[in-house]
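A.B. asks: Chains as they are written, first to last, in my numbering: chain B, 9 to 427; chain R, 9 to 427; chain D, 9 to 427; chain G, 9 to 427.
Any given hint could be a false lead.
Heads up, simulated BS3-like pairs for lysine-lysine below, C-alpha to C-alpha not over 25 Å straight-line [as the list claims (entries may be wrong)]: (1) D/Lys349 / G/Lys409; (2) D/Lys27 / B/Lys94; (3) D/Lys168 / G/Lys168; (4) G/Lys27 / R/Lys27; (5) B/Lys183 / B/Lys193.
Treat the hints as calculated values from the structure; they're not laboratory data. Owing to the predicted nature of the structure, the values given are computational and were not obtained by experimental measurement.
There are 4 protein chains.
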Amino acid sequence: MSTFGHLFRVHTYGESHCKSVGCIVDGVPPGLKLTEEDIQVQLSRRRPGQSDITTARSEYDTVHLQSGTEHGVTLGTPIGLLVHNKDQRPHDYAETDLYPRPSHADYTYLAKYGVKASSGGGRASARETIGRVAAGAIAEKFLKEAYGVEIVAFVSGVGKVGLPFEEEENEVLGKEYMDLVRTVKREEVDKEITRCPHKETSQKMEAAIRAAKAADDSLGGVLTCVIRNAPLGLGEPCFDKLEASLAHAMLSIPSTKGFEIGSGFRGAMFPGSQHNDMYIEGGPDAQGRLRTETNWSGGVQGGISNGEDIYFRIAFKPPATIAQAQSTARYDGSAGTLEAKGRHDPCVVPRAVPIVETMAALVIMDMVLQQNARTAAASLLPALTHLPPTMVLPSKKTVEKIQNGEEKVQVQNQKSGEE
Amino acid sequence: MSTFGHLFRVHTYGESHCKSVGCIVDGVPPGLKLTEEDIQVQLSRRRPGQSDITTARSEYDTVHLQSGTEHGVTLGTPIGLLVHNKDQRPHDYAETDLYPRPSHADYTYLAKYGVKASSGGGRASARETIGRVAAGAIAEKFLKEAYGVEIVAFVSGVGKVGLPFEEEENEVLGKEYMDLVRTVKREEVDKEITRCPHKETSQKMEAAIRAAKAADDSLGGVLTCVIRNAPLGLGEPCFDKLEASLAHAMLSIPSTKGFEIGSGFRGAMFPGSQHNDMYIEGGPDAQGRLRTETNWSGGVQGGISNGEDIYFRIAFKPPATIAQAQSTARYDGSAGTLEAKGRHDPCVVPRAVPIVETMAALVIMDMVLQQNARTAAASLLPALTHLPPTMVLPSKKTVEKIQNGEEKVQVQNQKSGEE
Amino acid sequence: MSTFGHLFRVHTYGESHCKSVGCIVDGVPPGLKLTEEDIQVQLSRRRPGQSDITTARSEYDTVHLQSGTEHGVTLGTPIGLLVHNKDQRPHDYAETDLYPRPSHADYTYLAKYGVKASSGGGRASARETIGRVAAGAIAEKFLKEAYGVEIVAFVSGVGKVGLPFEEEENEVLGKEYMDLVRTVKREEVDKEITRCPHKETSQKMEAAIRAAKAADDSLGGVLTCVIRNAPLGLGEPCFDKLEASLAHAMLSIPSTKGFEIGSGFRGAMFPGSQHNDMYIEGGPDAQGRLRTETNWSGGVQGGISNGEDIYFRIAFKPPATIAQAQSTARYDGSAGTLEAKGRHDPCVVPRAVPIVETMAALVIMDMVLQQNARTAAASLLPALTHLPPTMVLPSKKTVEKIQNGEEKVQVQNQKSGEE
Amino acid sequence: MSTFGHLFRVHTYGESHCKSVGCIVDGVPPGLKLTEEDIQVQLSRRRPGQSDITTARSEYDTVHLQSGTEHGVTLGTPIGLLVHNKDQRPHDYAETDLYPRPSHADYTYLAKYGVKASSGGGRASARETIGRVAAGAIAEKFLKEAYGVEIVAFVSGVGKVGLPFEEEENEVLGKEYMDLVRTVKREEVDKEITRCPHKETSQKMEAAIRAAKAADDSLGGVLTCVIRNAPLGLGEPCFDKLEASLAHAMLSIPSTKGFEIGSGFRGAMFPGSQHNDMYIEGGPDAQGRLRTETNWSGGVQGGISNGEDIYFRIAFKPPATIAQAQSTARYDGSAGTLEAKGRHDPCVVPRAVPIVETMAALVIMDMVLQQNARTAAASLLPALTHLPPTMVLPSKKTVEKIQNGEEKVQVQNQKSGEE
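Could you put together the complete structure from these sequences and hints?
C.D. replies: Now the structure itself:
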């Protein structure tokens, strides 16, 4: 349904041709400074018409805060948000309306609901993402203030053009790629028209997009996203593992076809001896984390964040609307040639950057609240003593004792179903 | 949390060393014939010790039905299920217990909960999957009886060994691969020890697994899964799109790192003109579907099933437990060499086949119930007349009229936010 | 949280002093005729200032539909709705702001969130109910069109004035009361200024309210609500029993203190022999219902609707805001006398009528969708034969056979935990 | 469905004649000491056969912990629990099976599911409550350890016998009744066979139950429950108000017909001037609570706990199964006389005491986790300054300044929708 999240929840409404699109954000912590400007930033990065390689329409989406704040501070009550759609002239039924557009949602919406919006696959429009971006911008604000969380997405592939250093022979992922993941900033991403922060690659991508546009064609691409400084312990196994929730979030974005975390599909080709992330000598750091040498797992073990950078990639298919004539069939089964009109994005991945970032923020925010509920409850209980060292974080002293054979602990008789 | 699904819901419990693992399945339609044997089949395909290339332990997991059926028929009430764990001798605390196992969940479980099961990452154990496989077997039974749904997963990659025909130059995916996806049966999959139904590739995979085993190492791999005959109209946008829910389900399986539907990451490299799925002349078929020539979208448009085969791939990382000595650090930060003992799977993907199939069944089952709730409600309403042809499936007659210019329909004045 | 329902869901936002209040309604069946007028009717019955015995403010709440319909027909996508609040002059901080108003939510909102809206208990304002009434009006429309469901609430008590015939000696409930429940129409309710459809009682209630108003005091009251023609089989045990969900809905309305279904608290005083609802000779009626002579259960058995009228009563406390001086304490603990200003409802129950009706509609609507999902699924399964007559509705013939001793059925060996 | 709660969740399964009944409890905080004995206490208070005025069957329900603990400490993972049912001989189909038992769930279960358990209304059996009582016992343990929460339920009415001091003329509720609510302990409740802690009334109740039993009849009754020391700020408006969630919980218990919090239905008869709970001089107490003189609201304002005792009453109908002959109709519509056999409870309210207490614990536990998630998040944000005194708890100094006219605060221009 049109709800995402458990404790921090966004509910969205609206399609391309109705009065407005918007959302309600429930579960926002009280006492957060929040203004329309905080939300507008990501909405503006998302809107169409930002450059001539995306869409040519110059639409401006202004957010209107309806509720849930006073004096620029959140009250903890639901936040209503909306962005008005623009007036449109009535138009005649066109020959193109006789076709279910290939690889569009026209037909599936009609099949699902028995009736559809005149404009086609209503909620499948990218315009639906306004609500989630607005909500995610609020989550980002909280995460930054509370934990210093940084979320940065960037374009790492357009059509056949990818980062030259993403893969390296006999390495799970390339060293330069991992450096980029570790350090890239939003400002560096936004400097490039393609939102690929590697200038040389960006220029090739731009050329590819311009070529596709000239050919009345479109291109897909890949985004990489990294989440830094997320707390340890996020993720709710066994079904709401962190990577499962991220995958859900990302594949709910229009036009996405794939998700991989950490080493992803490439990692499946390496042996365990090369893929395992070894722990670093020295023990818990200032934030209480045991750090690892490599991070092929993408910051997640057993569905729970381990304190390393969480990074993942998302595949976007090429936009289905192209100006080329397409040989297809009409709703009634008659063969025909569809020639679409209007201005469309030859490539959506640059505009997808803020959508991916804000969806990531929604996942992390919800997980943070769920984990905080647990740790706050556990902290109220009397301290446990006499638990065997297998059940708690063993102290240096305990480790020594065991190594010296001074402490022998019998693990209780248990049922065994180890796999 | 440990719940999956909305209307058809499974709740699981249990870890490796407790008395039993099991689940409650809620929302099972009443009147379905169901016995323990129906469930046992997939549990037996999942259990360890099926061949010498998986684990050497020969465990037999027998399911015990607790409630929700009488005379072999479901009552519509919750079904309780459990599989007993085996008794285990108490054992002394070992030197290996001083290490968080690299790329295991030992450390993240401890960090999340502050306390952990002696056996390590408790619910991250593959043993947790028993509950979901049992529940999914019930979903499969219903889907087969009600719709003839067929779900088949198979191994399409082990380490660096993949199907030779998966990719084809200048084609989104290879013709032979798509044929396999369209036709492969479970029996063909189970004939091969690796569960890769292409004998030649299977033999190479087996060799690779044996080599890894001999080297005290492990291998990851890739599974392909196809769902046939699922009804049109499944998926609950905008957040619970079919592919988003499948991705969530698959990434909740232990050891998974990636998911892609249809053309996936490879599809992102092709232009729209080549990637779009054109409609076939002839109109709705016997099941009321408009069919497409190609199926690069993987049976889903706008997050809703379009009646074509739904297929996807899942990446599994190499098992983290290897018998090789690993240079890592202990919980207290001291450097050391971890040498794991015991018998472990050098490669889990063959055993993952029934897990993937049953998780797919859980997703489809839940979506079917949600969509049926909608269509049942809509069917009770009086028929609508005078809706413009842009909002309904236009009849052949309407199409003709419009083509002849006999019918001109004014689409109402609307707000425009098209993207 | 601010969400109600599972398949038919309303999410609300807004407090007294923000830009607008509104909601998103998700899960509306597609193909329902729906205009703003359909929703306005109940909003207008709810708004303040309808008569001089409620509040004196004459506010007009106009609904604005944002999405989810086209050509006056629902698309099955989320419906956004909003009602604007009015501009208000800034005002100085008043002495009254130093007090947590007694029996108001000022203090609990502050305690819960750490910060509160200047106007006091933000979302505890009756203004919050606008969203739910709007959503419930949509549910009512569907239920009426699909099933002919009628929901009528009326005032059955104001202060100490009640219907004289509600209780009858040695009867669970009075005959005349049950007749009223069975037959009363909304028009009859709206004819009376108090919305008590019994003129004589209404006049007494009106007098009581005017007396309270003159004394700068307030009065509570009781509403009775009946749901007619709801389908058999609604309710989702064991936790979401129909009465449990109705109780949840009703106690979520501001100022409510009690809920009872059917015979309620009074029924607890009667013996089983007098309280049991006997079945009527003649068997299933045209709608397939086995009817009962009495209906003390209020249309629900085991948490599931049995086809009889569903009726219940809700208690409302007297409004906390009164113009009388009140001896209480300030936030800082200093004793003082609070003298509230402004115009307030001396009695809210007349205005609560549409709120109760629409909340009832939300519950029934959600239950209908859940039950339809189940029956639609079950209808796809092959028919069952050879089930023992204890498990299915026995035919006349089977009944005869058993009575004649011609059929003896062994019930299988079972575990017994009967209570 | 068979799930209760959001963050602390119980899922139950099982009916009277299956192998076992049980539950999974998810969201239990890690680090809580927990053994089977902790759970058994409430199960034993719930089981049938405890005295000769309840049922004569002497069943013993022993709980078996399956997962989620080690060394007597919770791991934070799901806890599986079960209680075995007993073997039962097969029995012949009886003449009584031809009747839907009046006011039982036989017929509604059949109508809802199309098939039913041979034993009748399966999950409507009181045996279903085992799972929830077990889960609630875990919640109670946590709440006691973390907050010192005390939950005590007692019988306050059986048939027409009630506490003589519950109502007092011109008082909302009697002083002696409120004293009892404030102080009563479980041990005092359990001392009396009826679980009414007022000896004299208890003896009258016992006599009434024995008379009903002798007459082959049954009696309903009323329970009062109080929750002490629950933290301030519990409840999740606007739909999951504390009283709404408690009402949901209580009305989900078999045989319940009514719920009222605080003054309840009686409170509706009093004017605001008498019903309002005035604040006590002296300001925040040691636990930070502003206390009130009276507590007619039952510890809840605006759906949020205010730190006072939370108390409420629940009505139970008389058990439907009576040994008296009943003139009713069979499934096929033929008139007949039903004579039930077997041993049944003439009055269930004494055994309902632990069910009510544990359901209350489930509600409070879930609310505690939700509120802790919020406060933990808010505590991470930078402190807010310069908020107007209308938005925060004003200090003594601010109060003085305002009283002296030294501080004038302009409340910002706002929309007004005050009601």
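A.B. asks: Please go over all the hints and tell whether each is borne out by the structure.
C.D. replies: So, going through the hints one by one against the coordinates:
1. D/Lys349 / G/Lys409: Judged against 25 Å, a Cα distance of about 22 Å means the pair holds.
2. D/Lys27 / B/Lys94: holds (21 Å)
3. D/Lys168 / G/Lys168: holds (22 Å)
4. G/Lys27 / R/Lys27: Given that 25 Å is the threshold and the Cα spacing comes to 17 Å, the pair holds.
5. B/Lys183 / B/Lys193: With Cα atoms ~18 Å apart, B/Lys183 and B/Lys193 stay inside 25 Å; holds.
Violated hints for the displayed structure: none, as all numbered hints are satisfied.
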